[in-house]
Amino acid sequence: MLADASIGEKVNSDDQFAPLEVVLPDELQKFYSERGYLPTMQHEDRGHARLNVRALGNIRFFHSPLLLQFDLIAKDHRQGTVLIKDLSKTGIAILYHRQIFPGESFEILLNGRTIEAKAVRCHRIGPKCYETGGIIHRICSDAADELTEAASWTTPQA
Amino acid sequence: MQTLTSNPTLREFIPICALTLGCSEGLHVDVFLKVDAHSKPKLFCSRNLNVEPGQLQELVEAGITKLYIESDSYQSYQSYLRSNWKSLLNAERASESNRIAVMTEVVRAVLSEQFGSTDTALIVDTCNALGSSIISILQQLPMLVTGLYDVMYHDYATFTHSSNVASYIAILARELGFAGDELQQIVVGALVHDMGKLEIPDRILAKPGRLDEFEFRQVQLHPGLGLRRLVNEQTQLTYGQLMIVYQHHEKLNASGYPVGLPSEEIHPWAKICAVVDIFEALTSQRPYRKPMSHATALAMLDNMARTELDEEIVKCWQTLVLAKK
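Protein chains in written order, with our numbering: chain A, 1 to 158; chain B, 1 to 325.
No lab work stands behind these hints, which were simulated from the structure alone. Worth double-checking, as some hints may not be accurate.
[Said to hold, decoys possible] Under 8 Å between C-beta atoms, here's a sample of chain B residues computed to sit facing chain A:
| id | residue |
| --- | --- |
| 1 | L49 |
| 2 | G224 |
| 3 | V259 |
| 4 | L261 |
[What the hints assert, rightly or not] Derived, one-sided and incomplete: chain B residues facing chain A with beta-carbon distance under 8 Å:
| id | residue |
| --- | --- |
| 5 | G26 |
| 6 | N253 |
| 7 | P287 |
Owing to the predicted nature of the structure, the values given are computational and were not obtained by experimental measurement. A virtual CB, placed ideally from N, CA and C, is assigned to each residue, including glycine.
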């Protein structure tokens with residue numbers, strides 16, 4: 001499901017998604033209208049271009065030693081709804097309502113597609129809005145759409 | 001013709017804590033004594049003899065706390081400390097300052113070896129034992145930060161910094177009311193708080209000039225790198241200890257790193273560690289600047305209180321640093 005500004009209302013009335021708890025701060029007011037590739041600075045040391053993607057997904061934490069060891073979140077919070085922010089051949093950035101610790105593994109389900117990834121960094125953008133960057137381990141998909149293409153490209157397409 | 005090493009005026013000597021000698025396990029390096037600060041080191045005990053307890057007692061009574069070894073013997077001395085660290089830390093000593101001096105030197109030597117290891121579980125086990133010794137020694141002594149500072153090393157090595165931060169936090173956390181198992185956990189958390197720096201290249205950590213943006217970003221990765229290593233290796237650290245590692249650079253006004261958490265989301269142990277971590281960094285020699293005085297460092301902490309650091313913790317630390325004998 002590609003997202004637009006009313007996606008929060010849609011998702012909260014849709015049985016396939018848990019309620020979206022992410023609250024976008026003012027600095028992300030153009031979030032839904034951004035398109036195309038993100039600018040990349042040399043110091044970021046990236047290997048692949050990142051494509052702005054606006055989509056919703058179900059996130060499930062399937063290997064989270066920190067959370068499981070200390071039972072930080074109740075069982076019913078071990079899954080939720082994320083906003084996908086951008087995607088490259090090897091990485092994904094998502095917005096979630098709580099911080100995700102480095103090393104936590106998760107999978108994101110959307111439209112019959114599964115993206116398995118591990119968090120490497122997390123940055124708080126605002127209350128109930130944390131951007132997490134993850135390394136993609138695997139994408140299982142039969143879909144031929146924008147997301148799948150983005151994940152297969154190594155350089156921006158003209 | 002004299003060779004370089006046969007002339008005491010041309011040799012380089014390193015001061016060591018006199019009371020770290022005296023273990024039955026021999027040191028096997030030549031030990032020298034300076035009668036006063038400007039005199040040449042004279043041979044005190046040759047490498048094929050052990051320093052006898054009676055000799056050490058005479059030094060203590062004469063107020064001599066430092067002996068000297070040649071710089072090329074330093075590795076042997078470090079090895080000796082590591083072999084004997086448990087007995088050295090547990091030995092009864094006449095004065096408080098002597099016990100602290102031995103503790104500082106031994107903890108630093110053991111950490112320097114452990115931090116070179118890839119066995120994370122072993123590092124954590126050793127830090128647990130070191131943490132117990134630090135608490136045991138400091139609990140029996142008046143809480144004087146200046147006395148501790150005087151016997152500490154103040155270089156920028158990660159193991160030196162970690163050792164110092166652990167000693168400081170033992171004093172601060174105790175003053176804040178922590179005791180028993182919680183205090184032990186906090187001290188061990190401080191010993192491993194910078195483990196992520198072991199994965200940052202030395203050329204960045206020891207760079208004499210200002211870090212560029214890429215280098216600064218690399219340094220900012222260390223809390224996350226430390227957390228991942230300690231979690232992935234399934235060490236038996238508690239959640240609070242892991243948050244010391246991950247959150248000790250977070251600031252109350254959400255301007256810190258790696259996440260930019262606000263005050264209410266920062267673990268209280270990480271807030272305690274942040275204060276002594278900054279104080280230790282400011283008052284130590286860094287590749288890019290000289291150590292600051294205690295007064296200057298406390299003034300900087302005061303400026304950061306409320307907006308970046310917990311005010312109550314900063315006030316408590318100021319009181320401890322300014323306490324007089």
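Against the structure, the hints:
The interface hint given for L49(B) is violated, since its Cβ lies 52 Å from the closest Cβ of chain A, which is over the 8 Å cut-off. Among the interface hints, the one on G224(B) holds; its C-beta lies about 4 Å from the nearest C-beta in chain A, closer than the 8 Å criterion. Look at V259(B): its Cβ gets to within about 5 Å of chain A, closer than 8 Å, so that hint holds up. Checking L261(B) against chain A by beta carbon gives a least distance of about 6 Å; that is within 8 Å, so the hint holds.
The restraint placing G26(B) at the interface with chain A is violated, with a minimum CB-CB distance near 45 Å, outside the 8 Å limit. The interface hint given for N253(B) is violated, since its Cβ lies 12 Å from the closest Cβ of chain A, which is over the 8 Å cut-off. For P287(B), the interface hint is violated, the least distance from its beta-carbon to any beta-carbon of chain A being 21 Å, above 8 Å.
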